[in-house]
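Novice: As a plain string of letters, each chain reads:
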Amino acid sequence: MDFLTTFPSMGRADLAALRRGIDASFRDFSREWGEAIEAFFHPLLRFLVWFDNLLLNTPWPIILGVIGLLVWAGSRSWLMTLGAVAAFFAIGYFGMWRDTMSTLAIISVATILCIAIGIPLGILMARSNRAQSIITPVLDVMQTIPSFVYLIPVVMLLGIGRVPGLIAVCIYALPPIVRLTNLGIRLVDRDVLEAATAFGASSWQKLWGVQIPLALPNIFAGINQTIMMALAMVVIASMIGVQGLGVPVLRAISNQYLALGVMNGLAIVVLAIIFDRVSQRYGQRLQAHRKGQNQ
Amino acid sequence: MSQTPKIKIRNLYKIFGPAPEKVLDQVRAGLSKDALLAQTNHVLGINNVSIDIPPHGLQVIMGLSGSGKSTLIRHINRLIDPTAGEIVIDGEDVLRMSETRLRDLRRFTTSMVFQKFGLLPHRKILQNVAYGLLVQGKSTQEAEARAREWIARVGLDGYENHYPAQLSGGMQQRVGLARALATDADILLMDEAFSALDPLIRTEMQGILLELQKELHKTIVFITHDLDEALRLGDNIAILRDGAVIQQGSAQDIVLAPADAYIRDFIKDINRGRVLRLGALVKGPAPEAPVLPDDTMLADALMTLSEAPQQRVAVADKAGKVIGGVDLKTAIRAIHA
Ligand SMILES: Nc1ncnc2c1ncn2[C@@H]1O[C@H](COP(=O)(O)OP(=O)(O)OP(=O)(O)O)[C@@H](O)[C@H]1O
Ligand SMILES: [Mg+2]
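Chains as they are written, first to last, in the numbering used here: chain P, 6 to 300; chain Y, 3 to 339.
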């Protein structure tokens, strides 16, 4: 009877020893390699700091102007441009300018990093079924594992600061761009691809001339998702030393400041909406040829 | 057909399914397409096809839907690898070609029009037509200049800056045609290239095709559902059923001596007067006059025949030599067989 009611588990002492062993060896690993890894990521840190300072030190009217221009370039909509500029103005007016700039910096750098890693990975997955079968489960883990869990080894390795924060954001935000790049390329019409083959296109010519252009709407949906997920990580990242809108939110949680929390939370929502609408509009414009309207 | 063929297809088999090699022997032993599907869940695409296409020839391939026409034509530039058999172009075995050699074959020697058009939806018509030339490595300027010529030739000038989705089906088909013709390849592979065209434009495009074949000595493989088109265009016609060639020959051969009931069914509605020519009916002595060339269509000869003395005409071959006579009764019988 005993056998059925108590689960046959490893002894408590053995289990503790196992955990201690793993911890110790990881600690040894980070002591040995921590500095090298930090050095490896140093250029990233430099770039992040530089970009952060650039945003903070540029006079606010110029930043507003640049934001307006970018939104216009992406969406070609006056309404959206005006809305975005007004929203940023309100954010500044309510005293959240600095934090918003820091968040903007880390989101931008994280997105660039995710694109730089994610699109080539997605292409690789699309071209090889074997790569797909290896990478897919990794992406599944990255998407489902609670973010606090991978914060632990990242912090053990790199301590607290912007780079570990950036890495945590990227781990969380990378999967959609990889998946959607892969999907987009795999969904390209076989008849079109066959025609390219029949005219003697090399696989490079097919990739850049046919597959990527036709996958662009999906790739853009991936970039959009990546940005959204990066924004969702802002608060968690601030727990390990990333500046930005997450910091006041954390403070609000521990001190029960309702207004502070809501205002900064809303600022994150506003950023998300602007990023989302602009990148979706841009993605739609890329598909002009599908609708059959002129240009 | 004494000259060496431009394209030689020998004992070609294509079986679709998980293990084609395993069932190949059963197919060779004569298992039918339906039985193969029922017993092994493999689809018989091509069944022991051998065709020789001479240089500058126009080979028509016909057959009902699903008979394997598209599958066969895709073997010529090896978009599909056969299960067994041999494909030789200009004396070179296509199946032994390296990746790069095959790419060059596709760039410079063959050119294809697709049943489903296969246009690049994200490029404008001009860039679509220029595509083959750009892949060949021609400069954008040269490629686009040539593309413009062909766009005009297929009657689409003014549409250079439209996207394929903005064009009608027939217009898209002509874009596909222009794209294939622009590369100036020796061999044109045309999979139902005119199926979406209205009769007027269709006749015009057939004219362009025959012109190209005569003037530029292209070798053309032409798939069609339309028997009248086949009979008008083809020097040689192959009729497929269930992946196998059941009859091969000139239009006259097929109309005068259909190999079986399937083909008899196939040709029962055609205008025989516009297919059969005097040369095929020559019998008995020739009168002094009138003399008609042997490639006169029966429909055109009837008037002369009915007015000739004893309703009989002499028939002369291309060199002008009289080869015999034909009478009105024979001609009418041939038309109403
Ligand atoms: N990729 C494939 N996988 C499995 N079966 C195929 C494949 N391609 C073609 N087939 C089969 O091969 C046969 C011939 O098809 P094919 O497309 O060559 O016909 P077709 O003569 O061109 O017909 P249509 O006139 O309708 O275009 C069909 O039975 C089809 O089911
Ligand atoms: Mg077909």
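Rather than coming from a laboratory, the hints here were simulated on the basis of the structure.
Incorrect hints may have been included.
Below, in silico cross-link-like pairs of lysine to aspartate or glutamate (DMTMM-like), each with a Cα-Cα straight-line distance of 20 Å or less [to be verified]:
1. Y:LYS216 / Y:ASP244
2. Y:LYS118 / P:GLU199
3. Y:LYS216 / Y:GLU146
4. Y:LYS118 / P:ASP33
5. P:LYS211 / Y:GLU101
6. P:LYS211 / Y:ASP296
7. Y:LYS126 / P:ASP7
Label-pair ranges, simulated between beta-carbon atoms [to be verified]:
8. P:ALA293 / Y:LYS216: 55 to 63 Å
9. P:ILE117 / Y:THR142: 29 to 37 Å
10. P:LEU75 / Y:THR142: 49 to 57 Å
11. P:VAL71 / Y:LEU218: 34 to 42 Å
12. P:LEU291 / Y:ASP228: 37 to 45 Å
13. Y:ASP200 / P:ILE122: 46 to 54 Å
14. P:ILE122 / Y:ASP228: 52 to 60 Å
15. Y:ALA37 / P:ARG286: 52 to 60 Å
Just so you have them, the derived chain Y footprint on chain P, three or more residues with Cβ under 8 Å [as the list claims (entries may be wrong)]:
16. 190 to 204
17. 208 to 218
No residue lacks a Cβ here, since even glycine has one placed at the ideal position from N, Cα and C.
Novice: Indicate, hint by hint, whether the structure satisfies it.
Specialist: Quick rundown of the hints versus the structure:
With a CA separation close to 33 Å, the supplied pair LYS216 of chain Y and ASP244 of chain Y exceeds the 20 Å bound. Restraint check: the Cα-Cα separation between LYS118 of chain Y and GLU199 of chain P comes to about 11 Å, which is no more than 20 Å; the hinted pair holds. For the suggested pair LYS216 of chain Y and GLU146 of chain Y, the alpha carbons sit about 26 Å apart, so the restraint of at most 20 Å is broken. Note on LYS118 of chain Y and ASP33 of chain P: the hinted pairing is violated, with a Cα-Cα distance of about 62 Å set against a maximum of 20 Å.
A hinted pair counts as satisfied when its Cα atoms are at most 20 Å apart, and LYS211 of chain P with GLU101 of chain Y qualifies at roughly 15 Å. Restraint check for LYS211 of chain P and ASP296 of chain Y: not satisfied, since their Cα atoms lie roughly 51 Å apart, outside the 20 Å limit. Our distance criterion of 20 Å between C-alpha atoms is broken by LYS126 of chain Y and ASP7 of chain P, whose separation comes to about 76 Å. About 42 Å separates the C-beta atoms of ALA293 of chain P and LYS216 of chain Y, a value inconsistent with the hinted range of 55 to 63 Å.
The beta-carbon spacing between ILE117 of chain P and THR142 of chain Y, approximately 31 Å, falls within the hinted interval of 29 to 37 Å. At about 31 Å, the CB distance of LEU75 of chain P to THR142 of chain Y disagrees with the hint of 49 to 57 Å. Restraint check, VAL71 of chain P to LEU218 of chain Y: a C-beta distance of roughly 58 Å breaks the suggested window 34 to 42 Å. Taken as a hint, the range 37 to 45 Å holds for the pair LEU291 of chain P and ASP228 of chain Y, whose Cβ atoms sit roughly 40 Å apart.
At roughly 52 Å, the beta carbons of ASP200 of chain Y and ILE122 of chain P sit within the given window of 46 to 54 Å. Between ILE122 of chain P and ASP228 of chain Y, the C-beta spacing of about 54 Å keeps the proposed range 52 to 60 Å intact. Roughly 57 Å separates the CB atoms of ALA37 of chain Y and ARG286 of chain P, a value that falls within the hinted 52 to 60 Å. Using a Cβ-Cβ cut-off of 8 Å, 9 residues of the segment 190 to 204 of chain P lie near chain Y, which meets the minimum of three, so the contact claim holds.
Counting residues of the segment 208 to 218 of chain P whose beta carbon lies closer than 8 Å to any beta carbon of chain Y gives 4, which meets the minimum of three for the stated coverage.
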